[in-house]
Amino acid sequence: MSVLIYAESAEGKFKKVALELASYAKKVAESLGTTVTALTVNMTDTSELGKYGVDKVLKISNDKLNTFNAKAYADAIKQAVEKESAKLVILSSTTDSLYTAPSVAVALNAGFASNVVALPISTSPFVVKRNAFSNKGFNQTEITTDVKVIALAKNSYGLKEAQGAATAEDFSPSLNDADFSLKVENVEKMSGKVTIADADIVVSGGRGLKGPENWKMLEDLAEVLGAALACSKPVSDLGWRSHEEHVGQTGKPVSANLYIAVGISGAIQHIAGINASKVKVVINTDAEAPFFKVADYGIVGDAFQVVPQLVEKLKEFKTNN
Amino acid sequence: MKILVCISHVPDTTSKINFTNGDTEFDTNGVQFVINPNDEYALTRAVWFKEKQGANVTVVNVGGAETEATLRKALAIGADEAIRVNANPTDGLFVAKQLAEVAKKGSYDLILAGKESLDYNGGMVPGMLAALLGVDFINSCEGLEIEGTAVKAIRQIDGGKETISGNLPMVIGGQKGLVDEKDLRIPNMRGIMSARTKALAVLEPVGAELATKAVKFEKPAPKSACKMISPDNLDELIDLLHNEAKVI
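So the protein sequences, as listed, match chains A and S. Residues in the first sequence are numbered consecutively from 1, following my numbering. Residues in the second sequence are numbered consecutively from 1, following my numbering.
These aren't lab readings, by the way, just hints derived from the structure by calculation. Backbone N, C-alpha and C fix where the C-beta goes; we use that ideal spot for every residue, glycine too. Heads up, some of the hints might be wrong.
[Unchecked claim] Just the calculated beta-carbon pair ranges, DEER-fashion: (1) S:LEU210 - A:GLY12: 37 to 47 Å; (2) A:LYS293 - S:LYS52: 40 to 50 Å; (3) S:PRO222 - A:GLN305: 25 to 35 Å.
Please build the complete structure, drawing on both the sequences and the hints.
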């Protein structure tokens with residue numbers, strides 16, 4: 001009857017979204033009068049999950065799962081659900097989890113709701129609130145199947161520490177060759193940099209910066225904040241920055257705690273992609289830029305003066321705090 | 001190669017989003033509908049396979065009669081024929097089951113869909129369709145090459161990309177990058193004329209229970225006005241971010 005989560009990890013550490021998922025699942029499990037079981041893959045030390053409310057950990061150790069494989073992971077999650085007789089599966093909204101989630105839902109003949117942004121509105125019937133229409137509306141969705149799958153939007157619940165420790169046991173789902181029919185030939189991944197998907201703070205630059213040679217100050221700003229760097233569509237189209245950094249409707253979605261837009265006017269397609277971010281700061285020379293309408297804090301000013309000053313002041317702030 | 005492209009009929013990004021009937025329905029009044037942008041990348045790649053590798057391209061949509069204009073646009077862009085499953089697409093699993101029926105009947109080699117639609121942003125249907133058909137699935141695909149039955153695809157991952165190989169039949173959840181944006185097509189007059197005479201079949205849905213239902217919609221709380229800070233007073237910004245917003 002427990003609530004089952006898949007706790008994502010990378011390079012031997014749980015991702016922050018996994019701890020958020022544990023925090024959220026604990027609260028939901030309490031209202032259902034049950035416990036939280038977490039599935040982990042190739043993690044040795046899983047004790048951290050207990051601090052965020054997980055009661056039991058099912059540890060998979062299998063070298064074939066070192067590279068993410070949506071089909072095999074879905075198969076493993078399904079078997080864990082059956083073993084635990086779980087009625088609710090909660091996944092995060094990373095690229096990998098959203099890749100495997102639909103297969104999990106089909107395997108369990110479960111209704112699936114993604115982009116969930118809050119605790120369930122009610123548990124019987126089971127109704128969740130979801131982002132829709134590119135963050136321009138919310139949709140309350142009832143899941144009517146016996147087993148239910150939901151995916152929690154990043155940064156929508158936060159981390160909540162709990163009292164307790166998780167028990168751990170080894171789990172060896174039976175995976176067959178068909179699970180591995182797709183082969184990952186090559187992985188290119190930024191190392192040592194905060195990715196847009198994982199970042200709490202994102203610093204983003206637009207055409208207002210006039211050219212790629214002016215990005216150093218944004219890199220400095222990102223560094224002092226521990227932020228990921230992003231850019232608007234024109235900047236990526238002009239080749240000033242790599243396509244990897246393009247955020248917006250057709251680029252990567254951003255749901256950061258803090259989004260700082262420098263020299264971006266705020267086209268509707270850009271805002272659609274970043275609007276799930278909690279706090280938005282806009283720095284622009286044009287007081288009429290549409291971005292100010294959706295921002296929390298705005299500075300009308302020249303980025304070439306404001307940003308370097310801000311970097312210096314933030315360095316000072318970081319030393320004192 | 002027979003290709004099926006799944007098309008969603010969605011409000012244009014610039015549309016005002018409103019709800020009606022006691023906030024239980026999306027208000028389509030005055031809304032311009034378009035081919036879902038992620039689907040448009042998928043469709044354009046399919047048409048490329050048609051022109052360069054002799055593929056045959058069918059487009060399919062689950063929706064009411066009002067979505068036929070969107071299917072005609074897909075035909076004008078270059079698809080050979082269209083299918084509309086006459087049902088309201090409210091639940092991902094239900095839609096995937098309808099598409100699976102169409103896919104089985106047509107025995108397609110490749111099924112392309114956008115990785116998510118712009119209206120409900122669910123991102124569920126392509127993966128569910130693959131699972132229902134028991135075929136391989138690559139999501140967030142931003143590059144696709146096919147030689148015979150061999151597939152080579154680029155998948156976007158958090159912080160990078162990976163190259164995946166496999167074999168048809170397969171379902172692909174596509175996005176920007178499948179084709180360059182400059183290669184997206186605006187239908188020309190010849191395309192629009194020929195689209196009028198291409199086949200558009202209407203099928204009744206197969207019975208499938210709804211696994212989810214939209215109970216109610218709401219709009220985000222009205223935003224409080226942006227606090228303006230003088231560029232000469234950046235300490236105030238830092239103070240607000242630290243003490244008020246608590247994000248640094």
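- Could you see if the CB distance from LEU210 (chain S) to GLY12 (chain A) stays within 37 to 47 Å? At 42 Å between Cβs, range holds.
- How does the Cβ-Cβ distance of LYS293 (chain A) and LYS52 (chain S) compare with 40 to 50 Å: does it lie in that range? Since the Cβ atoms of LYS293 (chain A) and LYS52 (chain S) sit about 45 Å apart, the hinted range of 40 to 50 Å holds.
- Item | Distance restraint evaluation - PRO222 (chain S), GLN305 (chain A), Cβ atoms, bounds 25 to 35 Å | holds, 33 Å
This entry satisfies every hint, going by the numbered hints stated previously.
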